[in-house]
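Q: Residues per chain, in single letters:
There are 2 protein chains.
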Amino acid sequence: MDFEKYFSLGGGRIKSSKIREMMKLIGTPGIISMAGGMPDEQHFPFEQVQLIIEAWGPAKRAAALQYGATGGYPPLLERIGEYVAASGISMSGQRILPTSGAQQALQLLTRIFCDPGDSLLVEVPTFIGAVAVFAGYGAEPAGVKMDAEGLIPGELERKIIELRSSGRTPKFLYTNPTFQNPSGLTMSQGRRDEIYSVCSRHDLPIVEDDPYYELYFEGGPADYRSLKARDRDNRVLRVNTFSKILSPGLRLGWIIGEPAVLARCEMAKQGEDACSSSFSQVVAADYLAAGCVAEYTAKMRAIYREKCRLMLSCLEREMPEGVSWSTPKGGFFIWVSLPAGLESERVLLRSVENKVAFVTGQPFHVDGGGTNYCRLAYSNSSAEQIEEGIRRLARVIREMLPG
Amino acid sequence: MDFEKYFSLGGGRIKSSKIREMMKLIGTPGIISMAGGMPDEQHFPFEQVQLIIEAWGPAKRAAALQYGATGGYPPLLERIGEYVAASGISMSGQRILPTSGAQQALQLLTRIFCDPGDSLLVEVPTFIGAVAVFAGYGAEPAGVKMDAEGLIPGELERKIIELRSSGRTPKFLYTNPTFQNPSGLTMSQGRRDEIYSVCSRHDLPIVEDDPYYELYFEGGPADYRSLKARDRDNRVLRVNTFSKILSPGLRLGWIIGEPAVLARCEMAKQGEDACSSSFSQVVAADYLAAGCVAEYTAKMRAIYREKCRLMLSCLEREMPEGVSWSTPKGGFFIWVSLPAGLESERVLLRSVENKVAFVTGQPFHVDGGGTNYCRLAYSNSSAEQIEEGIRRLARVIREMLPG
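From first to last, the protein sequence lines are chains A and B.
When we follow UniProt numbering, the leftmost residue of the first sequence carries the number 1, and every step to the right adds one.
When we follow UniProt numbering, the leftmost residue of the second sequence carries the number 1, and every step to the right adds one.
Looking at chain A on its own, in the form it has when it is part of the complex (with noise of 0.2 Å):
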């Protein structure tokens, strides 16, 4: 049958992330990705979630098969607790609620949130899975200028007087502040400082996605301290992973915040999943007593440092003069600015011609712009990949380089 006449106009507001469009152009073989932006497959601690899978007994075993609270796993909550006061946020008036991956959390706040034609805030580049869940609920995020130390307070400000002007009440600042995704930027202390008091000032939520931050290659947790920890009036939303310091396959994440917003949230999750994986919380809630996180997040820190050191290395070594790029201090990404007028889509089809692959920074950006920049993830890639992909990579630029 013809199903067209019956689809709804809410759901034909989603779009497929462009991201997951193009990986589809990459999965041809003997292609180097440095697309996606993926943790190191080679080092996910396996054996530790073996282990502890082996030691249950049979209340953690039924535990892990059955369904669970809506609201999580109740000795996971405990653990996350304990494991977010341990980064200097304070727990009081506070509820956690886990989420199916940090994508989930998103989703839960647009849906709650946001009505279609809402407008929110967004750095520009900004995160492109948040991009598409806006999109999927009809918000329509403005975007707001960053330099090299984050977000501008005062074009955020401008930008929350100019919208409330002209009617509009944006309902959030949507914020990933360290190594951001997909720029590398990091807000400094001092702006997130800044940042906090705008919102404080015209009282607006925050939602802060911060799933790199263990992942630094330089300075340490005081450098990278953040907005919900300095949230005196319990605005901050903060979105948090376990795939960063465990693994993106068990799907799991978690939302901080305001009791009356969780409880929303809650609600929402009932109905689109009814629990997260009991088994992912289950494993996590294990993972964080055994203090796993410190252990896995030190090695990965000293894997992804040689790997971002190698790739700058390489593209320092290949690229032709005008090509330029970020110096991240962790994460997973550098961003690369191609000379003016090579845009980047052109030359993304040209490279998975010549095997090579990265994502285009156009979808990043909420104003239209970021066509000459490219997002490559050195997280997931060998040594071997980072250099001869780089060296494909910059083969390519420079035969589109104009004569």
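There could be a bad hint or two in this list.
Identical copies look the same in the list; a pair holds intra-copy or inter-copy alike.
[Stated by the list, open to error] With a cut-off of at most 27 Å between alpha-carbon atoms, the simulated DSSO-like pairs for lysine-lysine come out as follows:
#1 K329 with K299
#2 K355 with K60
#3 K159 with K5
#4 K60 with K329
#5 K145 with K159
#6 K329 with K145
#7 K5 with K299
#8 K145 with K15
Hints in this document: simulated from the structure, not taken from any laboratory.
Computed from a predicted model, the values in this text were never measured in an experiment.
Guided by the hints, dock chain B onto chain A, whose structure is given.
A: Only chain B this time, still in chain A's reference frame:
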């Protein structure tokens, strides 16, 4: 801060499932709960899962812990295809989408088909978890009566015509044809032919939610042949789950149906959780490949049949005149009808004081009826709990009957 002014209208439609709310009431110590529709947690196939995980080499370990495609882990799609084909469903022109439980399948289908105010058709009574999803998207279910053979074709046709003549377009028929939750009713094979014909004549999509069909106590697969197996026009979107053939804690289900519909579901799912647990998907693929379903369901059929028989004999022995109940041919539930005037909600409150719990019938009724029904689950109770639980419940009912 006060978030009230920022919440969306869309989010405001979401209501907590009444079962989930009752569950909180029920969590008091010493209570015998026949409320939740949960599999027997004494008999989950944990050892098989553990053997599967132990056998994984590097590729499966990485696949289980890494992000996966939204469309699913390819070996899982193949194994589900074989499993489905073995139940008499033609895979020609079909696509399969894994979902985070059958709950997510219902949510995705509702989202892509229903805008606020849209109508759809459901059985009276119907699955409460679906009612909550429909409400969350503002869809308005119209109830169709059932008799001992399930949905009444003439009633369905009348409702379709009535809705259409009042300018409304029901988006689909939602049916739970086998050992229905909550009534335990099974749509007869002849009825399935007739219901399919009505939908075909009126070009209505069918969402067939069939979680219990493997858990029959009499007859065999031919007696529970699905609507999907009759699907000449590809109008059936069939929802299934691993919850009853492996584990609900893995949160894994699937939809099989028209690729154009599943492509929309996949796009929605991208933004909702990116992919279902890779870990669960790799486990489930290997579980299907090893033929564990047949072994587990054979064992569980015998266990559930025994529990059901025991509960029926306890009801027979303990219940006063005027109380009647269904005799299930499979599944998890007995549906109890109280004498007129005795409301199950009042009985529940008194029952909880007397340390026994069940689910009231009204929330399963989109027509506001069902106030004198109780749903009793025998699936996750021990023999002792069933004996003592029915004894307590019967005592409460006897005390509440007009003298």
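Q: Taking the hints in turn, state whether each one holds.
A: Checked hints:
In this assembly of identical chains, K329 and K299 lie within 27 Å of each other by CA distance solely inside one copy; the values are 16 Å within and 56 Å between copies. Taking CA atoms no more than 27 Å apart as the test, K355 paired with K60 passes between copies only; the shortest distance there is 25 Å, against 46 Å inside one copy. Within a single copy, K159 and K5 get their C-alpha atoms only as close as 39 Å, which misses the 27 Å cut-off; across copies the closest is 19 Å, which meets it. Neither within a single protomer nor between protomers do K60 and K329 lie at most 27 Å apart by alpha-carbon distance, with minima of 39 Å and 32 Å respectively.
When the C-alpha separation of K145 and K159 is checked against a cutoff of 27 Å, the pair qualifies only within one copy, where the shortest distance is 10 Å, while the shortest distance between copies is 55 Å. In this homomeric assembly, K329 and K145 come within 27 Å of each other (Cα to Cα) only inside a single copy, at 20 Å, whereas the closest approach across copies is 64 Å. Taking CA atoms no more than 27 Å apart as the test, K5 paired with K299 passes in neither setting, with 54 Å inside one copy and 45 Å between copies. Taking the closest pair of Cα atoms, K145 and K15 come within 27 Å of each other only inside a single copy of the chain (25 Å); across copies the shortest separation is 38 Å, beyond that limit.
Going through the hint list in order, the structure does not satisfy hints 4 and 7.
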